[in-house]
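Number of protein chains: 2
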Amino acid sequence: MDNPKIKDQCTYLITSAGSPKMLYNKHFKALKEASNIKHFHVVPSLKLAKKVIKNGVDGIVATGHEGGGHQSYENTSTLVLLQQIRQEFPNIPMIACGGYATGEGLASALAMGAGAIAMGTRLIASKECEFHENYKNEVKNSTISDTKLVTCVFGPARVFKNSYAENATAVLTKEEKRAEETSMSVIRDGVIKLEKAYNGDVNNGIILLGQSCGLVEEIESVSDIITSIVRSAEKCLTSAYCMIS
Amino acid sequence: MDNPKIKDQCTYLITSAGSPKMLYNKHFKALKEASNIKHFHVVPSLKLAKKVIKNGVDGIVATGHEGGGHQSYENTSTLVLLQQIRQEFPNIPMIACGGYATGEGLASALAMGAGAIAMGTRLIASKECEFHENYKNEVKNSTISDTKLVTCVFGPARVFKNSYAENATAVLTKEEKRAEETSMSVIRDGVIKLEKAYNGDVNNGIILLGQSCGLVEEIESVSDIITSIVRSAEKCLTSAYCMIS
Numbered sequence: 001m002d003n004p005k006i007k008d009q010c011t012y013l014i015t016s017a018g019s020p021k022m023l024y025n026k027h028f029k030a031l032k033e034a035s036n037i038k039h040f041h042v043v044p045s046l047k048l049a050k051k052v053i054k055n056g057v058d059g060i061v062a063t064g065h066e067g068g069g070h071q072s073y074e075n076t077s078t079l080v081l082l083q084q085i086r087q088e089f090p091n092i093p094m095i096a097c098g099g100y101a102t103g104e105g106l107a108s109a110l111a112m113g114a115g116a117i118a119m120g121t122r123l124i125a126s127k128e129c130e131f132h133e134n135y136k137n138e139v140k141n142s143t144i145s146d147t148k149l150v151t152c153v154f155g156p157a158r159v160f161k162n163s164y165a166e167n168a169t170a171v172l173t174k175e176e177k178r179a180e181e182t183s184m185s186v187i188r189d190g191v192i193k194l195e196k197a198y199n200g201d202v203n204n205g206i207i208l209l210g211q212s213c214g215l216v217e218e219i220e221s222v223s224d225i226i227t228s229i230v231r232s233a234e235k236c237l238t239s240a241y242c243m244i245s
Numbered sequence: 001m002d003n004p005k006i007k008d009q010c011t012y013l014i015t016s017a018g019s020p021k022m023l024y025n026k027h028f029k030a031l032k033e034a035s036n037i038k039h040f041h042v043v044p045s046l047k048l049a050k051k052v053i054k055n056g057v058d059g060i061v062a063t064g065h066e067g068g069g070h071q072s073y074e075n076t077s078t079l080v081l082l083q084q085i086r087q088e089f090p091n092i093p094m095i096a097c098g099g100y101a102t103g104e105g106l107a108s109a110l111a112m113g114a115g116a117i118a119m120g121t122r123l124i125a126s127k128e129c130e131f132h133e134n135y136k137n138e139v140k141n142s143t144i145s146d147t148k149l150v151t152c153v154f155g156p157a158r159v160f161k162n163s164y165a166e167n168a169t170a171v172l173t174k175e176e177k178r179a180e181e182t183s184m185s186v187i188r189d190g191v192i193k194l195e196k197a198y199n200g201d202v203n204n205g206i207i208l209l210g211q212s213c214g215l216v217e218e219i220e221s222v223s224d225i226i227t228s229i230v231r232s233a234e235k236c237l238t239s240a241y242c243m244i245s
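Residue numbers (the UniProt record's numbering), protein chains in the order written: chain A, 1 to 245; chain B, 1 to 245.
Quick caveat, the hints were computed from the structure, so don't treat them as lab data. Please note that a few of the clues may not be correct.
Quick list of the computed label-pair ranges, beta carbon to beta carbon [claimed, not checked]:
(1) A:Ile244 to B:Ser221: 53 to 59 Å
(2) B:Met184 to A:Asn91: 37 to 43 Å
(3) A:Lys38 to B:Ser19: 29 to 35 Å
Distance condition first, Cα-Cα at most 30 Å in a straight line; then the derived BS3-like pairs of lysine-lysine [what the hints assert, rightly or not]:
(4) B:Lys51 to A:Lys161
(5) A:Lys21 to A:Lys47
(6) A:Lys235 to A:Lys193
(7) A:Lys136 to B:Lys127
(8) B:Lys235 to A:Lys54
(9) A:Lys148 to B:Lys161
(10) A:Lys235 to B:Lys50
(11) A:Lys235 to B:Lys136
(12) B:Lys193 to B:Lys127
(13) A:Lys140 to B:Lys174
(14) A:Lys174 to B:Lys174
(15) A:Lys50 to B:Lys174
(16) A:Lys161 to B:Lys148
C-beta: ideal position from N, C-alpha, C; glycine also.
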């Protein structure tokens, strides 16, 4: 927070996990009125999309089952989720997320009416990312079948198949998981394993990772990643448009 | 086979499950040389795609984890699989499959370089489909979370969550499943349950169903389904192209 221009530069505020309702207090309303900030909330299902749109978000980040990190219990793929949200909300500003790492992916998201994509796994494997080199190298070296859904700190999560994941329980139902969460030791244990990942212990840490890890072959600069994805998406959309015109 | 024009009218031959290598005998070669038949094989993974392309197929049907019916053990989503195949084979003719039921879906597939989509679930819910009305009604009435991966006759399959699915075992590993398949009673039992589905027993039959069932709200004629999907895809691709031009 050393940057005095943060209020001008911060144009998107993205929140995630659960409902953003608690955010809508008078301070947040004042901030929104005095700035151009757009508030997007991450949704893994149509059900949550309906709720947050009713609450007044400016847009949503729709994220599917193939993405890394925390997931819903519904397991809906990005492709199916995006179609479903578009059927119900044809005009809501939408960022597509979960499984994207190439220009083909960006082109497909724009073709479905998304205005952008969000990439986790692809950008972890960037020169600028502050994650541990061991973590970045796992993104680069892993294949498409190297991720697994496990029961993580706050519900199901897609992670790298390491020693931690092999010994983790499979995804429980929402009800079982909620009961378990009342136990602080489970949360403490999860946080320790997340710290291990941050410190480079790729065997015992919780390495959040999406299926798109199988698409990443190099650790590149953010600028190179974005430039090549955008260029390739432009080519894809031009070719597709030529097919129909 | 009452149609004498079958040789002229049949322009695509699609095979599925395992390798199509056994198809390449002298009779098939003669048929291909004497006709315009293009042979596509269904692949749920890059590994099988590599194998069948090496064997000489004309194209592939790439099908992801969200699709109905038999699945691979890799669980790769359609979005990730298509990007992966495009990275390795930028020019192979490709039909995208698994999760498609709308114009947005078709637009996204074309934007990724596919030449077409294949739809199972969406077309089961058509007036012309010869499946039982009970089966069609389940497609219409089910929601996006009404499917489940179970161990089916020949490996993992996505099916409707009915009594059969609730009692079916979760997906085994490939090795365990192969051992089980030597037992004829398992296969016989599976075939009986598939027959039940065909005869309209939607509780005890194996109702193969993709996640896209949650996108289908009407049983329509094939012509209406195709027309509306194509029109909407054209709109999507035009809008996306306008964003970049």
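A quick look at each hint next to the structure:
Checked against the hint of 53 to 59 Å, the pair isoleucine 244 (chain A) and serine 221 (chain B) fails, with Cβ atoms roughly 23 Å apart. Distance hint check for methionine 184 (chain B) and asparagine 91 (chain A): the Cβ-Cβ separation is about 56 Å, which falls outside the suggested range of 37 to 43 Å. Taking the beta carbon of each, lysine 38 (chain A) and serine 19 (chain B) are about 50 Å apart, not inside 29 to 35 Å as hinted. About 26 Å separates the Cα atoms of lysine 51 (chain B) and lysine 161 (chain A), which keeps this hinted pair within 30 Å; it holds.
With a C-alpha separation of about 15 Å, the suggested pair lysine 21 (chain A) and lysine 47 (chain A) falls inside the 30 Å cut-off, and the hint holds. Simply put, lysine 235 (chain A) and lysine 193 (chain A) have alpha-carbon atoms about 42 Å apart, too far for the 30 Å limit, and the pair is violated. With a CA separation close to 51 Å, the supplied pair lysine 136 (chain A) and lysine 127 (chain B) exceeds the 30 Å bound. A C-alpha spacing of about 27 Å is found between lysine 235 (chain B) and lysine 54 (chain A), which places the hinted pair at or below 30 Å, so the restraint holds.
At roughly 22 Å between alpha-carbon atoms, lysine 148 (chain A) and lysine 161 (chain B) fall within 30 Å of each other, so this suggested pair holds. The straight-line distance between the Cα atoms of lysine 235 (chain A) and lysine 50 (chain B) is roughly 25 Å, inside the 30 Å bound, and the hint therefore holds. Our distance criterion of 30 Å between C-alpha atoms is broken by lysine 235 (chain A) and lysine 136 (chain B), whose separation comes to about 39 Å. Simply put, lysine 193 (chain B) and lysine 127 (chain B) have alpha-carbon atoms about 24 Å apart, close enough for the 30 Å limit, and the pair holds.
Restraint check for lysine 140 (chain A) and lysine 174 (chain B): satisfied, since their Cα atoms lie roughly 26 Å apart, inside the 30 Å limit. Note on lysine 174 (chain A) and lysine 174 (chain B): the hinted pairing holds, with a Cα-Cα distance of about 28 Å set against a maximum of 30 Å. Between lysine 50 (chain A) and lysine 174 (chain B), the direct Cα distance comes to roughly 39 Å. Violation of the 30 Å bound is thereby established for this hinted pair. The suggested pairing of lysine 161 (chain A) with lysine 148 (chain B) holds, with an alpha-carbon distance near 22 Å, which does not exceed 30 Å.
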